[in-house]
Each structure stands twice: as structure tokens, then as C-alpha cells.
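For this one, chain A is given, so just place chain B on it according to the hints.
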Amino acid sequence: MSRALFTESTALYDIPGPKTQRRHLMYGIASTVLLLGLVGWVVYLLFHTDQFTAAKWTPFQYKGIQELLLRGLANTLKAFAYAAVLSLALGALLAVGRLSEHRPLRWIAGLCVEFFRAMPVLVMIFFIFVALKVQPLPALVAGLTLYNGSVLAEVFRTGVNSVDRGQREAAYALGMRKTQVMTHVLVPQAVRAMLPTIISQLVVALKDTSLGYLITYEEFLHAGKLIASNLDYDLPFIPVVLVISPIYIGMCMLLSWFANWVARRQRRNPKTEAVDIGPAEAGTLLPGGRQ
Amino acid sequence: MNVLTDNFALYGKGFLGTVELTVYASLLALVLGFLMASCRVSPVGSFRALGTAWVTVLRNTPLTLLFFAVLLGLPRFGLVLPFQLFAVLALGCYTSAFICEALRSGINTVPLGQGEAARSLGMTFGQTLTTVVLPQAFRSVIPPVGSTLIALAKNSAIAGAFSVTELLGTYKTLNELGYSVIWSFVWIALGYLIITLTISALFHALEKRWGVAR
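For the record, the sequence lines run as chains A and B.
Residue numbers for the first sequence follow the UniProt record's numbering, beginning at 1 and rising by one.
Residue numbers for the second sequence follow the UniProt record's numbering, beginning at 1 and rising by one.
With the rest of the complex left out, here is chain A (with noise of 0.2 Å):
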């Protein structure tokens, strides 16, 4: 595998030669040895803290646990089904506020989407969630909400706003006011370009509604907790999240590698041409409004 990416040099390297192929090689196996090393000390660290003792995994058998899980998982999809959809749709009514034609709308909605962005996700849970005396599972989708939707909306935006700009023209040339310029030409190919963009957004949000944990949330990570400090399974902390991080890292890769997908296809798709495909890339976070 190496050789074949290899058969071309880069801005760094030149194309190795036999001599410095064999060298690599040996870095090679020299660091795959150390790094097997590495892992096999951890094995050997969490065999030696008693971490696979029989004690300590038998609760994953008992029917009570496993449904203790399985709802936390189910109420952390929950509060990203309810996120995500929300999420999206005030992305799109932020978008529409920063493209309007009347200036205080446009003013509000910028407001709007550089406070939110600037804000750290947690400190508007909390806020929600004490403050305003709300449940945390509203708190927790109202927060994410806030600032998922602010990001996308810039995100609809850019889209909107990196359409070639011979379609625009060209529609309005055609005599389409500027309501059915959007709706028939701009905004399609957007959604079609920024759709590895969105479906990243909404990897963060997944990975978010871990926050509801913070704020007693009876989620996955709540649930996993509620586990691992039960004194007659011996503490089971360490088993617990040998058990639960493969499940989440496992949604969010999930997720991120079908934005990637995602992006692969509309690359080769006729209907994006007009468009630079977004990368499926979590938008970043400035505030400021630096494009």
C-alpha cells in the first residue's frame, strides 16, 4: 500500500529509492513493534488492575442492565432526532433572515447566528436548564438547537451565496422574482453542495448530546454512569466504557464517514457543477463572521 501511494513524490519527499524503501521499512517495523509494545503494556495494566475479573463484566449479562442501556441510547438518538430536525429548521429560517432584501431583518438574524456561535454550547444549556428552570431533555435540545442551527445557517448561506453567479443572473434574466430564484435555482444546487457540510453539523450534534449527561440527562453516558458506580459489581467503571465509547465513536464514524461519502458522490454529480462541493468538515466556529 505505502508503494503505491508512493510512486509519485510530494511537495516533501521525492519517489524513494531501493535503499531508502528498505530503511523505511525498517522504521516501519521498529515503530509497529514499539507501538504494539504500547498497547500491549495497557492490556497488561488493565489485566493487573483486576479490570477483567468475571466480578466486574457480569452485569452486561443481567436483562435489567441491558435495557438500562439500551434506553440511554435511545433517549441520546432521541435528543438528536429532535436536535438535528430542529436544528435544520432554524438553520434555514436564519439563513433566510441573513438573505433578505430588508436590512433589520437581515441585521436580527446576524445577530442572532454571531451571539449563538460565539457562545460555548454548555453555557446555554446551563442557562436554559437552571435559569429558566426548563427539563433537561428540552434544555439539552434547545441549547444544541441554538447553536447547530446558527452554524448551519451560515452554512445554507455560503452555499447560497457560492452558486455560480451566471445561474443567478440567468434566472432573473428569465423574469423569476427573486422568491422563485431561491426556491428553483440557488437553493437546490446549495443543499446539494453543502449536504457533506450539513451531515458533518450534525455529527457534532450527535457528539453534543453527551452534554445532556452534565445536566442529569438519562442518557447513554447516564446511563453508563449509573452502572459503573454500583458497589456490588465491584466498580465496574473501567468495563463501562470499554463497553460504551465503541458504541458512540462508533455512531459519530458512522455518520462522519456517510458525509464523506456524501461528498465523493456530489463531487461526480452534473447537477453540483455550479457549485464548489463543501467539505465534510465540521464548520468552524469564529466569531466575527470571518468568510
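Treat the hints as calculated values from the structure; they're not laboratory data.
Among these hints, one or two may not hold up.
[Said to hold, decoys possible] Heads up, simulated DSSO-like pairs for lysine-lysine below, C-alpha to C-alpha not over 27 Å straight-line:
hint : chain 1 : residue 1 : chain 2 : residue 2
1    : B       : Lys172    : A       : Lys225
2    : A       : Lys178    : A       : Lys271
3    : A       : Lys78     : A       : Lys63
4    : A       : Lys133    : B       : Lys208
5    : A       : Lys225    : A       : Lys133
6    : A       : Lys225    : A       : Lys63
[Stated by the list, open to error] To give a feel for the contact side, a few chain A residues facing chain B, derived at Cβ under 10 Å:
hint : residue
7    : Thr20
8    : Gln51
9    : Thr53
10   : Val85
11   : Val121
12   : Phe127
13   : Thr209
14   : Val241
15   : Leu255
[Said to hold, decoys possible] Derived CB-CB ranges, DEER-like:
hint : chain 1 : residue 1 : chain 2 : residue 2 : range
16   : B       : Ala201    : A       : Thr53     : 48 to 56 Å
17   : A       : Arg23     : B       : Thr173    : 57 to 65 Å
18   : B       : Lys172    : A       : Tyr27     : 49 to 57 Å
19   : B       : Ala53     : A       : Arg23     : 18 to 26 Å
20   : B       : Leu16     : A       : Thr32     : 24 to 32 Å
21   : B       : Gly126    : A       : Pro18     : 21 to 29 Å
Everything numeric in this text was worked out from a predicted model, so none of it was measured.
Don't be surprised by glycine CBs; every beta carbon is placed ideally from N, CA and C.
What follows is chain B alone, placed relative to chain A:
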């Protein structure tokens, strides 16, 4: 309204805690991110695999889960450090994945011909790297690194919820003292705005001085 004047010491302590956390975690993230970026562009396969794995896993880990695992998990291995240090570790490692990607895409913006020209002039690898490739990459890397560090400052709020001295954590004490919750949050929000706007201004200045003229 007198929440701020009455509790200036408390707010100051929280503010400094956030700044400290941000600075140390930024340094760790920059160093680790640089290391991982060099792994990701290296010609040795296993280094590349390590860099890719590091980035993929950490970018898809919820930060709360990482805090949960590091702050409550590492002590189980007999590694007892102050919470502040654990928080710096978690935040720094998490952000290093994003810094790594920013640096890597910066290196990728340097045209192939630049490196080839440098090599055909007889420059060694070190010379090519330090006098040709990195100076150019550095210019295009300033804005994304800036936004990553702003995200880091905002993420440091999570540390406050894990009982590290930090700006967001001050609301609890104020709440117990019976002050208006809304106003205490207004001042907390202002504190965060000061920090993020400072970083933003810093990177604006850096970009004006060194950025790519477009």
C-alpha cells in the same frame, strides 16, 4: 446587577482558571497536533496509520465521554493527578486531532513544484522543510488554527462541570449565595466572549502580518 462587583474575586478566579486551561491545553494541542501531522505526511506507512487512527478516533469522540474516561478512569490505574491536569490532558488531546487536520491541509496547499524545485537546487530534506514548505504552509494555516483554538476555549466549559475551577463553575457558588441566576450567567457569558474575541483578534493580527494575500 451587583453580582459582578460583590463577587469579583470569585469571577476573577474562574476567569483565570479558564484562561489557564485554555493556554495549557492549546500548547499541548499544538505540540501533539504538529507531531501527528508529521506522522500523517510521513513516508513510513505505520506512522501514517498511527496519525490517521488518532485523528479518526478523537474527532468522533464526544468530548464529554473523553472527560468522563480521563477524569474518572485514569485514577483507577493508580494515576492520581490534580483534576486541572487531567482536564488539560483531555482537552489538549481532543483538540490536537483538529489541529493536526488543519496543519495537514496547510501542508497540502503547498504546490508540488515548490518541493521539487527546492530539491533540484540540492537542498536537503531539513532545508526544504524549514525554508520552503513550512513557511508557506504556516501562512494558510493561521485561520483554521485560530478557529480551532476558539473552539477549545469554548469547550473548556465542560471542564467546569467536572469540578475544575473554571468560569462556568462559578454559577453554582453564586446560586447557593442566592444571587440572581440570570445576571450571574450574563457575566459568565461576557467572560467567555472576552476570551474568544481576544483569540480571534490575536489570529486576525497574525493573519494580517503573515497571512496569504488574496
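Do the hints match the structure? See the list:
1. Proposed proximity of B/Lys172 and A/Lys225 is supported: the alpha carbons are some 22 Å apart, at most 27 Å.
2. For the hint linking A/Lys178 to A/Lys271, the alpha-carbon distance of about 21 Å falls within 27 Å, and the restraint holds.
3. Only pairs whose Cα atoms come within 27 Å are accepted, and A/Lys78 paired with A/Lys63 is accepted, the gap being roughly 22 Å.
4. Taken as a hint, the A/Lys133 and B/Lys208 pair is broken in the structure, with Cα atoms around 45 Å apart against an allowance of 27 Å.
5. Proximity of A/Lys225 to A/Lys133 is assessed by CA-CA distance (about 24 Å); at most 27 Å being required, the pair is judged to hold.
6. A C-alpha spacing of about 17 Å is found between A/Lys225 and A/Lys63, which places the hinted pair at or below 27 Å, so the restraint holds.
7. Annotation: A/Thr20 was flagged as interfacial toward chain B, and the flag holds, the nearest CB pair being 8 Å apart, inside 10 Å.
8. The criterion of a C-beta within 10 Å of any C-beta in chain B is met by A/Gln51, whose closest approach is roughly 8 Å, and the hint holds.
9. Among the interface hints, the one on A/Thr53 is violated; its C-beta lies about 13 Å from the nearest C-beta in chain B, farther than the 10 Å criterion.
10. Evaluation of the A/Val85 hint against chain B yields a violated restraint, the C-beta minimum of about 20 Å exceeding 10 Å.
11. Taken as an interface hint, A/Val121 checks out: its beta carbon lies about 7 Å from the nearest beta carbon of chain B, inside 10 Å.
12. With a least beta-carbon distance of about 5 Å to chain B, the hint placing A/Phe127 at the interface is held under the 10 Å criterion.
13. Satisfaction of the interface hint for A/Thr209 is found here, the shortest Cβ-Cβ separation to chain B being roughly 8 Å, below the 10 Å cut-off.
14. Evaluation of the A/Val241 hint against chain B yields a held restraint, the C-beta minimum of about 5 Å falling below 10 Å.
15. For the restraint placing A/Leu255 at the interface with chain B, the shortest Cβ-Cβ distance is roughly 8 Å, inside the 10 Å limit, so the hint holds.
16. For the pair B/Ala201 and A/Thr53, the beta carbons lie near 54 Å from each other, so the given range of 48 to 56 Å is met.
17. A C-beta distance of roughly 59 Å is found between A/Arg23 and B/Thr173, which places it inside the suggested range of 57 to 65 Å.
18. At about 51 Å, the CB distance of B/Lys172 to A/Tyr27 agrees with the hint of 49 to 57 Å.
19. Judged by the Cβ atoms, the range 18 to 26 Å given for B/Ala53 and A/Arg23 holds: they are separated by roughly 23 Å.
20. For B/Leu16 and A/Thr32, the hinted distance range of 24 to 32 Å is not satisfied, since their beta carbons lie about 44 Å from each other.
21. The given range of 21 to 29 Å is respected by B/Gly126 and A/Pro18, whose C-beta atoms sit roughly 23 Å from each other.
In terms of the numbered hints stated before, the structure departs from hints 4, 9, 10 and 20, listed from lowest to highest.
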